[in-house]
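Chains as they are written, first to last, in the working numbering: chain E, 1 to 345; chain G, 1001 to 1309; chain Y, 2001 to 2339.
For the record, the hints were derived by calculation from the structure and aren't laboratory data. Don't take every hint at face value.
Said to hold, decoys possible - Pairs of lysine-lysine, PhoX-like flavour, derived with a Cα cap of 20 Å:
#	chain 1	residue 1	chain 2	residue 2
1	Y	Lys2054	Y	Lys2089
2	Y	Lys2308	G	Lys1037
3	Y	Lys2267	E	Lys269
4	Y	Lys2084	Y	Lys2054
5	Y	Lys2075	Y	Lys2010
6	Y	Lys2075	Y	Lys2054
7	Y	Lys2010	Y	Lys2313
8	G	Lys1025	E	Lys150
9	Y	Lys2248	Y	Lys2010
10	Y	Lys2024	Y	Lys2054
11	Y	Lys2313	Y	Lys2248
12	G	Lys1037	E	Lys114
13	Y	Lys2024	Y	Lys2248
14	E	Lys31	E	Lys303
15	E	Lys272	Y	Lys2267
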Amino acid sequence: MTDHILSVRDLKKHFVIGHEGTVNRKPITVKAVDGISFNLHAGETFGLVGESGSGKSTVAYITVGMYQPTEGAIYFRDQDLFADSKGRPLALKKEIQIVFQDPGSSLNPRRSIKQILELPLRIHQPDKDRLTEVLRLLEMVDLPPDYMHKYPQSLSGGEKQIVAIARALATDPSLVILDEPTSALDVSVQGKVINLLIRLQREFNLTFLFITHDLSLMRNVASRVAIMYLGKICEVAEAAEFFQNPQHPYTQMLLSSIPVVSEEEEAAKPEKIISTGEIPSPVNIPQGCSFHTRCPYAMDICKRVDPVMVETGAGHVARCHLFEQPEENLTQVLEAEPGPIPQSP
Amino acid sequence: MAQQVNVEGFASTMTRQQVRELQRKNRRENLGRAWYKFSRNPLSTIGGTTVVVVVLLAIFAPFVAPYPEHAKPFTDFANASRPPSWEYPFGTDEIGRDILSRVIFGFRFSLSMGIVVLVIVVPVGVLLGLIAGYYQGTWIDTTVMRITDIFLAVPPLILALAIASVLEPNLFHSMIAITLMWWPWYTRLVYGLASAQRNEFYVASAETTGAGTPHILFREILPNMVSPIFTKISLDMGWVIIIGSMLSFVGLGVQPPRPGLGTMVASGAKYLPDQWWIAIFPALGIVVVVLGFNLLGDGLRDLFAAEEA
Amino acid sequence: MSTPRLLEIKDLRVEFKVYGGVLKVLDGVNFSVNAGEKVGLVGETGCGKTTTMKAILRILPIPPARIAGGEIFFKGQDILRMRKRDLSKVRGSGISMIFQDPTAALNPVFTIGEQLGAVVQHARPENRRLSKRKIRDKAIIPLKEVALADPERLLDSYPIQLSGGMRQRVCIGMALATDPELLIADEPGTSLDVTIQDQVLRLLRVLVEEKGTSVILITHTLGVVRETTDRVYVMYAGNMVEEAHTRKLFAEPLHPYTQGLMQAVPKLTGGGIAEGIPGRIPSYLDPPPGCRFHTRCPRVMDICRRQKPPFFKVDEEHQVACFLYDQNHDRHKEETATL
């Protein structure tokens, strides 16, 4: 499968956050990512959507090498990213870069834009003239050259994020992870940053792993979308299909909760599933399907058995018991009135 | 708008000379802003001025002091124990030395003590704290920080007394004592700062790009801690001077006849209250230096706090 | 327009003295809230929404801030010239506030019950001398109102034991516990997840409608305004640029800034993302003369550079501070063309 630039296989990341008991000390773990698999096709924008605690950022951090996975593997062009226990080789670091959510934190306030852009150049392109390269990078992202002597604090939020994008592209990567790249920005600035990203993707044939909580944004940038809830993927589909024909009850709830600005959008939302209940703490993930505490269609089996991914259409998979049922049962359940909604503990 | 700038043209016309000029202009602007904030607090301005004056006095002591030879072994019993007058503004001591001159020379000892101690203590403490903070949660962290704790548990004055009783009581040995007890405070401070900075995403970004550890420690993290470190240095100058004077007072510091401020207070204390000036003016000298550094330190802290906001 | 004005801000000007000069942040803001009305205040980072809100509550840091002019009437009384005692009455039971970050709004070392109890106790003079038991009984009411499960146990919980959504519900309960006439909600859902934000906003809407409380909803999310408010003000660089009934504004935004903003919002129906508005918000140190938006406006005319546009009434429910909607619009255009 050479078409896959990145292949995530049953990835798990459990954090030990403390211990319980005095004698038999049991570790308390957060299952931030709990067995997810997906593939990225070269040149596509794969959207990973989820609310807080869904583990979407953890996936990004593992891919870029900030964490070691607890279990599972990630292959970049059939090369195991975690094969070398001493750390990731530079050649792989060059290929996979990340843009973080908050440019205020990801750009060192004590370093000038020039210094910031020079670092990846010094490591990965030591032969090239750095001043020329810095100027080329600034030009590439439409920033005036005299910005190189500015410090991040004198830039607007959007400009900072654009610098962070330029830095990520300085190593000439093929996969860029975008971890909520515009959620710290105003809408009027967001468009500029997103369109810049789309242009750069085309120019340099980049693959994007786009992580966000903003489904409206996702609709407009992603080619495929996966949705995460408490460390697991609930549903994956082509973007258009995902929004027109959402299958998983959680996807439907999310879509119907989005505040929108026009009547057409209102009409495009799935039938209102009223959002209820709290998102359970990732320390204490409910048994069975983790969404059953909030699901209007929750059945008995959902409380006991964790569902598996089933194909519901071409390239469309969902992880829900509703789709594991034989046909006749399925319709029955769907027509049934939503049962009493269980209160969160 | 960005598009309006002709990037091609700009890049070619922007010489390295212009690049440097821009850099300088930015720096000047930052300095101006810092000075504006600093100068809005009258207390820190007073502190800063005091420190500058004291430092200048100490440097040019031989030229400023009315009787520079009085700082050396000297006696003039004809003028012994004179109260303050035009001739001797701070009076003279029991063997006729001008107290003003001796206080000015005393600043030299106090300041050089502070500088010597901090010059040793700051790099050591900062380096250890930086490493421990960056490797937070590993065995490196545990080892460094527990050693730090051990040193913090030793009472400084007792350590100084112990060193003095084993070796000879003098300025050099008491400086060793102060140095030994002082570095852990910097390690602590920097450890806390570094372990916070380490979670900033610019560190993750440097790591995932493949930057080396020295680069991350000294080029990325350290520059972000300069402000609190300098604030602490300023406040600590006052403290070191006080402790140095205390050691001098109990006879473990500057040895007579050299004019340590603490030493002078100690010898003058015998003549209180009648010949008060012998002890009081050196004591005031200590107060002025210490207060100056403390106010400056507070000013710097406010300045840096405002910078963050 | 015959409904009584609960809050009315007239030509408010606020400045901040900083290094290098004076920031002219609020440049003659006019704003009003009628009794029982839900008003949205939309604008992007740095447009002056928060400054406006702080001025209403008189919690601006003075100095460096300075009220350079204007009045804020709350039930006919000028808040800016009120005595301390009257002011604390207004703050205590007239106007309540919900903040963006419920974690920061609740004190982590006191239980929810203690914090709610204190609010209840100070809401009315007759509550001052109530017994602990009675206060507890009263403190539980707001928790029930915001539909939190197991309110008894919640009273004894610390904020850290609650999720973000629950904390924001507690804050809403607390803000409404004093039966205020006006509730200022500053980005109440922004720090929450979409599904939780939806719950919280729905709850807020139901509660204020039940109680007849007026609301100022400050936010930068247009969708939230559309779903929650009756009337909207759009703010840009310290000026109100458009005011309309919510339905009208979303159906037909008139000010070029509002239009740009509306286009920039990614749509759930797809269709790509608009470039947004070119440029950035001007410096308050040296704001552009005339209309402060003229430097970024795609339809700028000559007059915009010279003169600050007043509000032009388009119809009873819609006014815009833009010369495009002046009756002499054609003349402005000709002028621009001949130049």
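- Message: For a quick check of understanding: which of the numbered hints are violated here, in increasing order?
- Response: When the structure is compared with the hints, numbers 2, 9, 12 and 13 turn out to be violated.
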